[in-house]
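Residue numbers (this note's numbering), protein chains in the order written: chain A, 1 to 388; chain B, 1 to 388.
Please keep in mind that the hints were generated in silico from the structure rather than gathered at the bench. Treat the hints with caution; some may be incorrect.
For chains that are exact copies, the list does not tell them apart, and a pair is met inside one copy or across any two.
Unchecked claim - Derived DSBU-like pairs (lysine-lysine); straight-line CA-CA distance at most 30 Å:
(1) K226 / K344
(2) K344 / K317
(3) K50 / K11
(4) K326 / K222
Note that this is a predicted model, so its numbers are computed, not measured.
Number of protein chains: 2
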Amino acid sequence: MNDFIYDIPVKVFFGKNQLGNLGPELKKYGKRVLMTYGGGSIKRIGLYDKVVAEIKKAGLELFELSGIEPNPRVTSVNKGAKICRAEKIDVLLAVGGGSTIDATKFIGAATYYDGDAWDLLTAKAPITNCLPIVTILTLAATGSEMDPVGVISNMETKDKLGFMHPLLLPKASFLDPTNTFTVSAYQTACGSADIISHILEEYFNMNRDLYMLDCVMEGLIKTVIKYAPVAINEPDNYEARANLMWTSSWAINGFINGGKNQAWSCHPMEHELSAIYDITHGLGLAILTPRWMEYTLDDTTVSKFYQFGCNVFDIDKNMEPMTVAKKSIEKLSDFFFNTLGLKKTFTEIGIDDTNFSTMAKKACMGGVLPGFKPLNQQDIENIFNMCL
Amino acid sequence: MNDFIYDIPVKVFFGKNQLGNLGPELKKYGKRVLMTYGGGSIKRIGLYDKVVAEIKKAGLELFELSGIEPNPRVTSVNKGAKICRAEKIDVLLAVGGGSTIDATKFIGAATYYDGDAWDLLTAKAPITNCLPIVTILTLAATGSEMDPVGVISNMETKDKLGFMHPLLLPKASFLDPTNTFTVSAYQTACGSADIISHILEEYFNMNRDLYMLDCVMEGLIKTVIKYAPVAINEPDNYEARANLMWTSSWAINGFINGGKNQAWSCHPMEHELSAIYDITHGLGLAILTPRWMEYTLDDTTVSKFYQFGCNVFDIDKNMEPMTVAKKSIEKLSDFFFNTLGLKKTFTEIGIDDTNFSTMAKKACMGGVLPGFKPLNQQDIENIFNMCL
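Just chain A, same shape as in the assembly (with noise of 0.2 Å):
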């Protein structure tokens, strides 16, 4: 087992009757506000208002960036951070979703930085400071909210890319489920899946030493399949909308990875995906993660799947664990393609195999992608044909 340090210092505040603690959250870093958000639908749903009213309550001066897109653009980041130093902005505060919260995140970092954001990404130039940023959710998906990593596109050169750096971490988040009642049930069943394939990243590995992380991840992964429908059919149920908030930031905030220094492996094939066709990331990992299990399933692997299927899904522990694993893959894609309603194939979402070569080839950086196994750009290709 390997050594490792938990440090995840962000303050959540969840519920419904949260957001009184707003202003005095906010005023702890200063009087100049940027809020930062999509595409009005917090406004539709009358966050905004609410925001707004304590923002004024705490006597603070409130800036604003809108139209923060879904897969958020690196010019959106330069936009926001040259607002930032324009308006000597003291603290950021994302209203949104991973989208809005992860672009927020390379806002503040890139206030710091005299040139293009995207250098940030790329590594060209190091984070050295971030303004201090407060979040409050309105999707249960991404995991931003309390983890350190922001995913951000470049659609003029087509990448996706993602970074992760302790200065990115919020200093505080609110999760009202409520805020999540108006989530579609595309959008729910998308941000469900999302949250399965975090925690799969982690949870497919062959080191079986921290026992205690495998069961609460299998706790997390029954947590989404139990609510997950729930959502979709009332979607204003507190207690399920509420399961899948807080499920949404432990698949992702660290914790479940004890130090396994896991490489993931469907996130950095679905992120070329949605590079080249802006799909919904978590539509892409549903799509993707069955497919990926079906590859990597093999004699040295099985006996994982074994442990997946018996815990997760409840299949008798009697049978032969390559039957086991086949069926933990079956429910697993039953799960997302028929309770969730997600489509099954890249076909059936308009991706034909044009730019699998491209994509697979980015996707492993020209070597091998490592990972639960590690996947050359050949069986890249492969898994995006099955993906077919």
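Mind docking chain B on chain A? Use the hints.
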């Protein structure tokens, strides 16, 4: 579901090669370090020398307070606070188990209070400040390394009081499983019972709305059940010690509470017991817990026991809920008294009913002990009697 604030900023250095981070970590808070420890076991295992070397290497000034008792006493706290004031200590370094860490927390707080530290425990005086605390854990049990709670005994008044304050939270904790290799089979057993009790105190409630946390708790209990016997039989099994150690922190750092505002039952009863008899906390909990479960099991609570039995002990779901419930208590008793080899009754450890009435009255403070099932003085006496 209640709202809650999650705020656990403790930085944890987990693993066997982390001590190099100690000097820099302490240095953040100043130059003058008071190291606190117990009866000298840290010298026998060589940890003392390693810690002193790191402190010297960092150019810090070292002061020492040894002899902190199991069930640490307020006299030690007062002694420590006096040293801190006299020597202008900047940072406290607790090296030991929960007792040493608990005492150190109150030393840190009492440094800023001019009277008897007991006043801080009885809330006669408020905690207004606390010296920064770093811990090096040598026993997986109380979770004090990652929580804001301390329990202190007063042998004069025969009181044992716990107190929680955010200022008591350690800044950083070093969790090296190899530091627990020399923990005796008996102390490993008691620590494991303590961990399980912390989880059960949270788990047994009728608010079923945070299923996610129920899953996590079941996973944590299963981890203790899997690894405690391994650690007892193979004291230097790193995997077992690591799983127990990390589980002990998460059993009580607040994460699994999730806004339940859960009142605890067995801990208040046990505190009265060890206040008078100075027995090991975990042993008292092991004897009390199954009796408390028997006493609280009825038609209104059976569903939770059923869940416990099925998910933790894998008892057949198709059996009658009451049968599963009773079996789950048997299984837990079997684990405590056969697998871990702990004594099963008060009688065996020399405790008779002389003080039951006094202890019961104190445990419920003359009224009702809230919790999974509210208990009045008579209820608590009944439970004590079941332990004979």
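Inset, instruction - Classify it for me, K50 with K11: is the Cα-Cα distance of at most 30 Å met within a copy, between copies, both or neither? - result: Classified as within: same-chain Cα gap 21 Å, cross-chain 34 Å, threshold 30 Å.
Legend entry - Same-copy or cross-copy closeness of K344 to K317 [CA-CA at most 30 Å]: Within one copy only: 28 Å inside a chain, 34 Å across chains, cut-off 30 Å.
Inset, instruction - Go through the copies and call it for K326 and K222: within, between, both or neither, with a Cα cutoff of 30 Å. - result: Classified as both: same-chain Cα gap 18 Å, cross-chain 26 Å, threshold 30 Å.
Inset, instruction - Could you place K226 and K344 in one of the four classes (within, between, both, neither) given a Cα distance threshold of 30 Å? - result: Answer is within: at 21 Å inside a copy they meet the 30 Å cutoff, but 39 Å across does not.
Violated hints for the displayed structure: none, as all numbered hints are satisfied.
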